[in-house]
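K.L.:
Take a look at the letters that make up each chain.
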Amino acid sequence: MKATHDKKQDLALVEKVLSGDEAAAELFLKRYEARIFSFAYRLCGQRQDAEDLTQDTFASAFKHLKGFRAQAPLISWLFRIAAHRCQRMRRLKSGQPRRLVALDAPAVEGGPLPQHPADTRPGAEELLMRGEQKRWLEKAITLLRPEFKLVLVLRDIEGLSNEAVAETLGLSVAAVKSRLHRARMQLKGMLQS
Amino acid sequence: MTPMGPQKTRSSKAKHCPECVKVGGKLSKVVDGDLKPEEKTATLKHLKHCSSCQGQVKAMTHLVKACQKLGVVKAPKGLHQRLKAMLMAKKGPEKKGPLAP
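From first to last, the protein sequence lines stand for chains A and B.
Under the working numbering, the first sequence has 120 at position 120, and the numbering climbs by one with no breaks.
Under the working numbering, the second sequence has 39 at position 39, and the numbering climbs by one with no breaks.
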């Protein structure tokens, strides 16, 4: 029921945007820009890159909006575009010297250096939700292998189901589960080391 | 950074125990409640007696919960306006057309 409702809502919004309704375009942006920026930031690990990727994603989305058939929710469609654009961005940058990010570098530019959880307290996992651990977790996520990171961000942070992640990324559900497990293990290892 | 699996943080006993190794490969399934019926009994039985694997499940559960609570990263100021301006600029020429007054 809910999926049908969302599908109708998505199609109605897209139709209005396509008809040139500025208020609908505004709503479209307001509804999705924060999540897409957030997603982009977690994929790139850099605010400027995330902003470029967000712009790129919306430019591409508006260009191809006519092709949106609501087979998946609009947000999944946007995630898919962002993931593709990110891959493209990474390929283009692969010829350039890689910006290496140290694990103890600030999670957000200008912010204080997060301390390694193990430096200050035992049982890092139990303290993850405190500010510094949160920033540490964000930083550790940016260091995951891209294919693992994508799945973990969509599944554990964005809250998509395994099936929705599979559809968004064009993978089998088994591949999603496998990558998710490996991402979590890698992350757990980083945080426990 | 070298990916680090659970074996780096496990005791040497857990590293060599085949049951611990098996459960280590199913941690996500345990946390997500996604174990197949045929693997559920053996896994839960092992977990009941193995404190090392219990610790791994606990750590994984905390990690997943922490990820779920991360929320949205604050977007930079002016992003909305920049996106809007970009979209309006793209829309502009189509609307006016060469013969528009």
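Mixed in with the good hints, there may be bad ones.
Claimed, not checked - Here are the simulated DMTMM-like cross-link-like pairs (lysine to aspartate or glutamate), alpha carbons at most 25 Å apart as the crow flies: (1) B:Lys29 <-> A:Glu138; (2) B:Lys84 <-> A:Asp52; (3) B:Lys29 <-> A:Glu147; (4) B:Lys74 <-> A:Glu138; (5) B:Lys58 <-> A:Asp49; (6) B:Lys69 <-> A:Glu167; (7) B:Lys84 <-> A:Asp21; (8) A:Lys8 <-> B:Glu39; (9) B:Lys69 <-> A:Asp21; (10) B:Lys74 <-> A:Glu15; (11) A:Lys16 <-> B:Glu19; (12) A:Lys16 <-> A:Glu26; (13) B:Lys74 <-> A:Asp49; (14) A:Lys134 <-> B:Glu38; (15) B:Lys65 <-> A:Glu132; (16) B:Lys69 <-> A:Glu22; (17) B:Lys74 <-> A:Glu51; (18) B:Lys40 <-> A:Glu132; (19) A:Lys139 <-> B:Asp32; (20) B:Lys77 <-> A:Asp56; (21) B:Lys69 <-> A:Glu51; (22) B:Lys40 <-> A:Asp56; (23) B:Lys84 <-> A:Asp56; (24) B:Lys65 <-> A:Glu138; (25) B:Lys69 <-> A:Glu15; (26) A:Lys177 <-> B:Glu19; (27) B:Lys84 <-> A:Glu22; (28) A:Lys93 <-> A:Glu132; (29) A:Lys7 <-> B:Glu39; (30) B:Lys65 <-> A:Glu15; (31) B:Lys22 <-> A:Glu167; (32) B:Lys84 <-> A:Glu147; (33) B:Lys84 <-> A:Glu51; (34) B:Lys65 <-> A:Glu147; (35) B:Lys77 <-> A:Asp52; (36) B:Lys65 <-> A:Asp21; (37) B:Lys84 <-> A:Asp49.
These are computed hints drawn from the structure, not numbers from a lab.
K.L.:
None of the hints should be skipped; say for each whether it holds.
P.N.:
Evaluation of the provided hints:
About 23 Å separates the Cα atoms of lysine 29 (chain B) and glutamate 138 (chain A), which keeps this hinted pair within 25 Å; it holds. Proximity of lysine 84 (chain B) to aspartate 52 (chain A) is assessed by CA-CA distance (about 14 Å); at most 25 Å being required, the pair is judged to hold. With a C-alpha separation of about 19 Å, the suggested pair lysine 29 (chain B) and glutamate 147 (chain A) falls inside the 25 Å cut-off, and the hint holds. The straight-line distance between the Cα atoms of lysine 74 (chain B) and glutamate 138 (chain A) is roughly 13 Å, inside the 25 Å bound, and the hint therefore holds.
A distance of roughly 35 Å separates the Cα atoms of lysine 58 (chain B) and aspartate 49 (chain A); the hinted pair therefore is violated under the 25 Å criterion. Between the alpha carbons of lysine 69 (chain B) and glutamate 167 (chain A) the distance comes to roughly 24 Å, so the proposed pair stays at or under 25 Å and holds. Proximity of lysine 84 (chain B) to aspartate 21 (chain A) is assessed by CA-CA distance (about 13 Å); at most 25 Å being required, the pair is judged to hold. For the suggested pair lysine 8 (chain A) and glutamate 39 (chain B), the alpha carbons sit about 41 Å apart, so the restraint of at most 25 Å is broken.
For the suggested pair lysine 69 (chain B) and aspartate 21 (chain A), the alpha carbons sit about 35 Å apart, so the restraint of at most 25 Å is broken. At roughly 29 Å between alpha-carbon atoms, lysine 74 (chain B) and glutamate 15 (chain A) are farther apart than 25 Å, so this suggested pair is violated. For the suggested pair lysine 16 (chain A) and glutamate 19 (chain B), the alpha carbons sit about 57 Å apart, so the restraint of at most 25 Å is broken. Between lysine 16 (chain A) and glutamate 26 (chain A) the alpha-carbon distance is near 11 Å, which keeps this suggested pair within the 25 Å criterion.
Taking the CA atoms of lysine 74 (chain B) and aspartate 49 (chain A), the gap is about 14 Å. The hint holds against a cut of 25 Å. Simply put, lysine 134 (chain A) and glutamate 38 (chain B) have alpha-carbon atoms about 37 Å apart, too far for the 25 Å limit, and the pair is violated. Simply put, lysine 65 (chain B) and glutamate 132 (chain A) have alpha-carbon atoms about 16 Å apart, close enough for the 25 Å limit, and the pair holds. Distance check on the hinted pair: lysine 69 (chain B) and glutamate 22 (chain A) sit about 34 Å apart at the alpha-carbon level, beyond 25 Å; violated.
Between lysine 74 (chain B) and glutamate 51 (chain A), the direct Cα distance comes to roughly 11 Å. Compliance with the 25 Å bound is thereby established for this hinted pair. Of the pairs offered as hints, the one joining lysine 40 (chain B) and glutamate 132 (chain A) is violated, with about 36 Å between alpha carbons and a cut-off of 25 Å exceeded. Between lysine 139 (chain A) and aspartate 32 (chain B) the CA atoms are separated by roughly 24 Å; this keeps the pair inside 25 Å, and the hint holds. Restraint check: the Cα-Cα separation between lysine 77 (chain B) and aspartate 56 (chain A) comes to about 18 Å, which is no more than 25 Å; the hinted pair holds.
A hinted pair counts as satisfied when its Cα atoms are at most 25 Å apart, and lysine 69 (chain B) with glutamate 51 (chain A) qualifies at roughly 23 Å. A threshold of 25 Å between alpha carbons decides the hint, and for lysine 40 (chain B) with aspartate 56 (chain A) the separation of about 45 Å lies outside it, so the pair is violated. For the hint linking lysine 84 (chain B) to aspartate 56 (chain A), the alpha-carbon distance of about 13 Å falls within 25 Å, and the restraint holds. As the CA atoms of lysine 65 (chain B) and glutamate 138 (chain A) are separated by approximately 13 Å, the hinted pair is consistent with the 25 Å bound.
For the suggested pair lysine 69 (chain B) and glutamate 15 (chain A), the alpha carbons sit about 34 Å apart, so the restraint of at most 25 Å is broken. Between the alpha carbons of lysine 177 (chain A) and glutamate 19 (chain B) the distance comes to roughly 21 Å, so the proposed pair stays at or under 25 Å and holds. For the proposed pair lysine 84 (chain B) and glutamate 22 (chain A), the alpha carbon gap of about 10 Å is at most 25 Å, so the pair holds. For the suggested pair lysine 93 (chain A) and glutamate 132 (chain A), the alpha carbons sit about 30 Å apart, so the restraint of at most 25 Å is broken.
About 37 Å separates the Cα atoms of lysine 7 (chain A) and glutamate 39 (chain B), which puts this hinted pair outside 25 Å; it is violated. Distance hint between lysine 65 (chain B) and glutamate 15 (chain A) is unfulfilled; the C-alpha atoms sit about 37 Å from each other, more than 25 Å. Note on lysine 22 (chain B) and glutamate 167 (chain A): the hinted pairing is violated, with a Cα-Cα distance of about 29 Å set against a maximum of 25 Å. Note on lysine 84 (chain B) and glutamate 147 (chain A): the hinted pairing is violated, with a Cα-Cα distance of about 31 Å set against a maximum of 25 Å.
Restraint check for lysine 84 (chain B) and glutamate 51 (chain A): satisfied, since their Cα atoms lie roughly 13 Å apart, inside the 25 Å limit. For the suggested pair lysine 65 (chain B) and glutamate 147 (chain A), the alpha carbons sit about 21 Å apart, so the restraint of at most 25 Å is met. Pair hint lysine 77 (chain B) plus aspartate 52 (chain A) holds up; C-alpha atoms about 14 Å apart against a cutoff of 25 Å. This hinted pair does not check out: lysine 65 (chain B) and aspartate 21 (chain A) have alpha carbons roughly 40 Å apart, beyond 25 Å.
A distance of roughly 18 Å separates the Cα atoms of lysine 84 (chain B) and aspartate 49 (chain A); the hinted pair therefore holds under the 25 Å criterion.
In summary, the structure is inconsistent with hints 5, 8, 9, 10, 11, 14, 16, 18, 22, 25, 28, 29, 30, 31, 32 and 36 from the numbered list given earlier, while agreeing with the others.
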